[in-house]
Amino acid sequence: MYTDPISDFLTRIRNAQRARHESLEVPSSRIKLALAHVLRVEGFVGHVSERSEGAKKILSVELKYDGKEPVIRDIKRVSKPGLRVYRGAAELPRVLSDIGIAIVSTSNGIMTNKEARKRKLGGEVICEVY
2 MYTDPISDFL TRIRNAQRAR HESLEVPSSR IKLALAHVLR VEGFVGHVSE RSEGAKKILS
62 VELKYDGKEP VIRDIKRVSK PGLRVYRGAA ELPRVLSDIG IAIVSTSNGI MTNKEARKRK
122 LGGEVICEVY
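Everything in the sequence shown is counted per my numbering, starting at 2 for the first residue and increasing by one.
Hints listed in this document are in silico derivations from the structure and should not be mistaken for laboratory results. This one's a predicted model, so the numbers in the text were calculated from it and none came from an experiment. Heads up, the beta-carbon is just placed ideally off N, CA and C, and yes, glycines get one too. Among the hints, a few may not be true.
Keeping only pairs whose Cα atoms sit at most 16 Å apart, straight-line, the calculated EDC-like set for lysine to aspartate or glutamate is [said to hold, decoys possible]:
no. : residue 1 : residue 2
1   : K81       : E23
2   : K115      : E92
3   : K57       : D99
4   : K81       : E125
5   : K81       : E129
6   : K69       : E125
7   : K65       : E23
8   : K115      : E129
9   : K65       : E26
10  : K77       : E23
11  : K119      : D99
12  : K77       : D67
13  : K77       : E26
14  : K81       : D5
15  : K65       : E43
16  : K77       : D9
17  : K115      : D5
18  : K65       : E54
19  : K81       : E26
20  : K115      : D99
21  : K119      : D75
22  : K58       : E26
23  : K121      : D75
What follows is a set of in silico ranges between Cβ atoms, one per label pair, in the way DEER data are often shown [claimed, not checked]:
no. : residue 1 : residue 2 : range
24  : G89       : E51       : 28 to 34 Å
25  : Y3        : G55       : 17 to 23 Å
26  : S24       : D75       : 17 to 23 Å
27  : R31       : R120      : 33 to 39 Å
28  : G55       : T107      : 15 to 21 Å
29  : D75       : T4        : 19 to 25 Å
30  : P82       : R120      : 35 to 41 Å
31  : R15       : G83       : 29 to 35 Å
32  : D75       : R120      : 32 to 38 Å
33  : Y131      : G55       : 33 to 39 Å
34  : K57       : E92       : 35 to 41 Å
All chains, full assembly: derive it from the sequences and hints.
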């Protein structure tokens, strides 16, 4: 049993891309599904789907590559179970001068730092992707 399923999900994406896998499958949850959809909308991953295997749900994520290089250069967890990181709308991080994104959990759901800044929402900074 792992204590941080979000960190496990991000690590599985990082490892699968380093191993040049086409896709990966992880146990599904609402937050992992929301994170995968944000990554898909921002163009970091391809198709995202969820399927049931009995009582369990499996999340399938298609990875994207630019030639031989993965589209995701780096993905790192910011807010951890032992140290939560909350930021107001004006204090949200700018990842590589807004080339990358930070994924933020707000009161209106999970979104990018750019979208949260437009809506003037703060929240928990989950991870940074570039």
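Hints, one by one, checked against the model:
{"no.": "1", "hint": "K81 / E23", "verdict": "violated, 28 Å"}
{"no.": "2", "hint": "K115 / E92", "verdict": "holds, 12 Å"}
{"no.": "3", "hint": "K57 / D99", "verdict": "violated, 37 Å"}
{"no.": "4", "hint": "K81 / E125", "verdict": "holds, 10 Å"}
{"no.": "5", "hint": "K81 / E129", "verdict": "holds, 13 Å"}
{"no.": "6", "hint": "K69 / E125", "verdict": "violated, 33 Å"}
{"no.": "7", "hint": "K65 / E23", "verdict": "holds, 8 Å"}
{"no.": "8", "hint": "K115 / E129", "verdict": "holds, 12 Å"}
{"no.": "9", "hint": "K65 / E26", "verdict": "holds, 15 Å"}
{"no.": "10", "hint": "K77 / E23", "verdict": "violated, 21 Å"}
{"no.": "11", "hint": "K119 / D99", "verdict": "holds, 13 Å"}
{"no.": "12", "hint": "K77 / D67", "verdict": "violated, 20 Å"}
{"no.": "13", "hint": "K77 / E26", "verdict": "violated, 19 Å"}
{"no.": "14", "hint": "K81 / D5", "verdict": "holds, 8 Å"}
{"no.": "15", "hint": "K65 / E43", "verdict": "holds, 12 Å"}
{"no.": "16", "hint": "K77 / D9", "verdict": "holds, 11 Å"}
{"no.": "17", "hint": "K115 / D5", "verdict": "violated, 25 Å"}
{"no.": "18", "hint": "K65 / E54", "verdict": "violated, 25 Å"}
{"no.": "19", "hint": "K81 / E26", "verdict": "violated, 23 Å"}
{"no.": "20", "hint": "K115 / D99", "verdict": "holds, 8 Å"}
{"no.": "21", "hint": "K119 / D75", "verdict": "violated, 25 Å"}
{"no.": "22", "hint": "K58 / E26", "verdict": "holds, 10 Å"}
{"no.": "23", "hint": "K121 / D75", "verdict": "violated, 27 Å"}
{"no.": "24", "hint": "G89 / E51: 28 to 34 Å", "verdict": "holds, 33 Å"}
{"no.": "25", "hint": "Y3 / G55: 17 to 23 Å", "verdict": "holds, 21 Å"}
{"no.": "26", "hint": "S24 / D75: 17 to 23 Å", "verdict": "holds, 20 Å"}
{"no.": "27", "hint": "R31 / R120: 33 to 39 Å", "verdict": "violated, 21 Å"}
{"no.": "28", "hint": "G55 / T107: 15 to 21 Å", "verdict": "violated, 33 Å"}
{"no.": "29", "hint": "D75 / T4: 19 to 25 Å", "verdict": "holds, 23 Å"}
{"no.": "30", "hint": "P82 / R120: 35 to 41 Å", "verdict": "violated, 27 Å"}
{"no.": "31", "hint": "R15 / G83: 29 to 35 Å", "verdict": "violated, 20 Å"}
{"no.": "32", "hint": "D75 / R120: 32 to 38 Å", "verdict": "violated, 26 Å"}
{"no.": "33", "hint": "Y131 / G55: 33 to 39 Å", "verdict": "holds, 37 Å"}
{"no.": "34", "hint": "K57 / E92: 35 to 41 Å", "verdict": "holds, 38 Å"}
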